[in-house]
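Using the sequences and the hints, build the whole thing.
Listed below are the residues making up each chain.
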Amino acid sequence: MADNIFTVNDLVKNFGNHAVLKGINLSVNKGEVVSIIGASGSGKSTLLRCLNLLEQPTSGTIEFEGENILGNKFNAIKYRAKVGMVFQSFNLFNNMNVLKNCVIGQVKVLKRSKAEAEEVAMKYLSNVGMSAYINARPSQLSGGQKQRVAIARALSMNPDVLLFDEPTSALDPEMVGEVLSVMSDLSKTGLTMITVTHEMQFAREVSSRVLFMDDGVIAEDSSPEQIFTNPKEERTRAFLNRIINKR
Amino acid sequence: MSFFEKIAYVWKNYNATLFSGVGNTILLALVGTVFGLIIGILIGVVRTLPKSKNKFVRFLMRVVNAIFMVYIEVFRGTPMMVQAMVIFYGYARITGVMLPVMTSGIVIVSINTGAYMAEIVRGGIISIDKGQFEGAHAIGMNHWQTMMNVIIPQVMRNILPSVSNEFVINIKDTSVLNVIYVTELFFMANIAASDTNMVLETYVIVSLMYLVMTFTVTRLLRLVERLLAGKKDYTICGSQSDPAAEIHVKEAH
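Line by line, the protein sequences are chains A and B. Once you know that position 190 of the first sequence is 189 in numbering that gives the first Met the number 0, the rest is easy, because the numbers rise by one and skip nothing. Once you know that position 95 of the second sequence is 94 in numbering that gives the first Met the number 0, the rest is easy, because the numbers rise by one and skip nothing.
No wet-lab data here; the hints were simulated from the structure. Each residue gets a CB set at the ideal place from its N, CA and C atoms; glycine is no exception. Just to be clear, a hint being listed does not mean it is correct.
What the hints assert, rightly or not - Partial chain A-side listing against chain B, Cβ under 7 Å, derived: (1) N71; (2) R79; (3) A80; (4) M84; (5) S88; (6) K107; (7) V108; (8) G189; (9) L190.
Unchecked claim - Result set (DSS-like, lysine-lysine): computed pairs, CA atoms no more than 30 Å apart in a straight line: (10) B:K50 <-> A:K77; (11) A:K72 <-> A:K29; (12) A:K81 <-> B:K54; (13) A:K187 <-> A:K122; (14) A:K72 <-> B:K52; (15) B:K52 <-> A:K77.
Below you can see the structure in the form of C-alpha cells.
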C-alpha cells in the first residue's frame, strides 16, 4: 500500500531473559495520529525505540514504507533521519545554542547548505514559538521551552513520521500545556505522529487512533471514542479507571 | 662570590643556553600533549563504536581493543625514561639509523601521553549523558558525526583540567629525555652546571624557569576553560508586540 508507513509483524524484544515486547502486530498509515497508552513497563517506549532502531528487536519484522528495516544491508543511520524522535528528556545538544541544535543535523546528514538549514530551522522554531531564543543554550531554557526546541529540531529534518516518547512526562505541570498545544497544532498538518503518552486528554482529543498496551502486547487498538467510552477489553477499562480516579 | 653573585653569573653567561633548552622543553611538552590528546580522542572514538552486525567486524574490533589495552597498560606501567631508551636504541638497532633526537623525543612524549589521555577521554565520554548520543542518532548522525559534533566538544570541556595536568607533567617530565641527548632545559642545565661548577645556583635558576613555564600554562588553560564554558547571557530577539525588540538576559552566577 502506498500510504503505509509502518508494518510491524510479530515483533519481540527481550532484555536478557526479560521479554518486554511479546509479539507486536501493527500497521500505521500516512497521516495517522496514533497515541500509545498503557501502564509503566508495558513496553510502550520500547516499541517506539524499536521503530527508529534505537533498540535492536530480538525477532519479528518492521517494514518502513514497504522496506524491511531489520535486514543486514539496511542503512539504519540514514533511515533515522526520516523518522523524527522527541524524547522525554529532550536530549538537546548541550554544546550548541537553539539554532545550531536545529541546523546541525540538516547540514551534516541532509547536506543542506547552512543558509537553507537556518531558514528551515527558523520556520519550525517560529511554529513552536521559540524563534526568539535562537541564541540561548539548552541550559538556559525551561523544560517546556526545551521540548518545543526538540520538536523544532526533529521537524527541521522533514521526517516522514514523528515519534514522541512521553514528551511531557519530565515537565512541570504548568509547562505540559504549551508542549501539548504545539503537538495538537502539528497533528492538524497531516504529519504522521506516534505518541507514547500518559496524557489521556491528549490521546482522546488529538489522536485519530489509540493503542492500549499491556504486558508487551497491544491489547486494544481502536478509535479514541471507542477506547475511552466503551473499551472492549476488561484490562483497558481497569487501566483507564485507575488513571482517571487518580485525578 | 656569594650565592647571589653566583646566580647572577650563571644567569648572565648561560641564559641563552638555558633558553634554548626552554624552547625545546615547551615544544616537546606542547606537541606531545596535543598529539597525546589526539591519540586519546581517536582511541575513545573507536572504543565507543556501536557493535557491528557483521561477525568479521566484531572480531576485528576485539583485536583492536586488545591492542589498545596492551598499549595503555605498557605505556602507563613503565617509566618514560625507560621507554625513551628502548625506543631510541631499539629503532637504531632495527633500522640501522638513528632517529633524530627531537623527533624521538616528540614520538615518545606523544605515545606516552596518549596512553594516559585515552583513559582521561574514556572517563570524559562515560560522563556524558546517554541522551546526547541518542539525540544525535535520532536525527541520523553516524558515529563519527555524533562524536565530533556533539560528544567530544562536551568531553573536551569536562577533561580540560586533566589535560592541563598532563601538560604540566609533560613540561617537567621531558627532563628525563636528557638520557637520549634531547637538548631540553635539564640537558642544558647540566652543561651550564658542569661548565661553571656552580651546580646549586644553576639548578635554582632552572627550577624557577620550570615554575614560570608551568604556572603560565595552567593560567592560560584556565582562560581556555572559561572561554569553552560559553557566555552566561543571551539575547531574546523580538517579542509579540515588537519584533525588533531585543532583551538581554543575564544569568546570575
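So, going through the hints one by one against the coordinates:
1. N71: holds (6 Å)
2. R79: Cβ of R79 (chain A) sits 5 Å from chain B, so the hint holds.
3. A80: holds (3 Å)
4. M84: Holds - the Cβ of M84 (chain A) comes within 7 Å of chain B, reaching about 4 Å at its closest.
5. S88: Hint holds; S88 (chain A) Cβ to chain B Cβ min 5 Å, cut 7 Å.
6. K107: holds (5 Å)
7. V108: holds (4 Å)
8. G189: violated (21 Å)
9. L190: violated (16 Å)
10. B:K50 <-> A:K77: With a Cα-Cα distance of about 17 Å, the restraint between K50 (chain B) and K77 (chain A) holds, given a limit of 30 Å.
11. A:K72 <-> A:K29: holds (25 Å)
12. A:K81 <-> B:K54: holds (28 Å)
13. A:K187 <-> A:K122: holds (17 Å)
14. A:K72 <-> B:K52: Within the cut-off at roughly 10 Å; holds.
15. B:K52 <-> A:K77: Holds, because 16 Å separates the two Cα atoms, which is no more than 30 Å.
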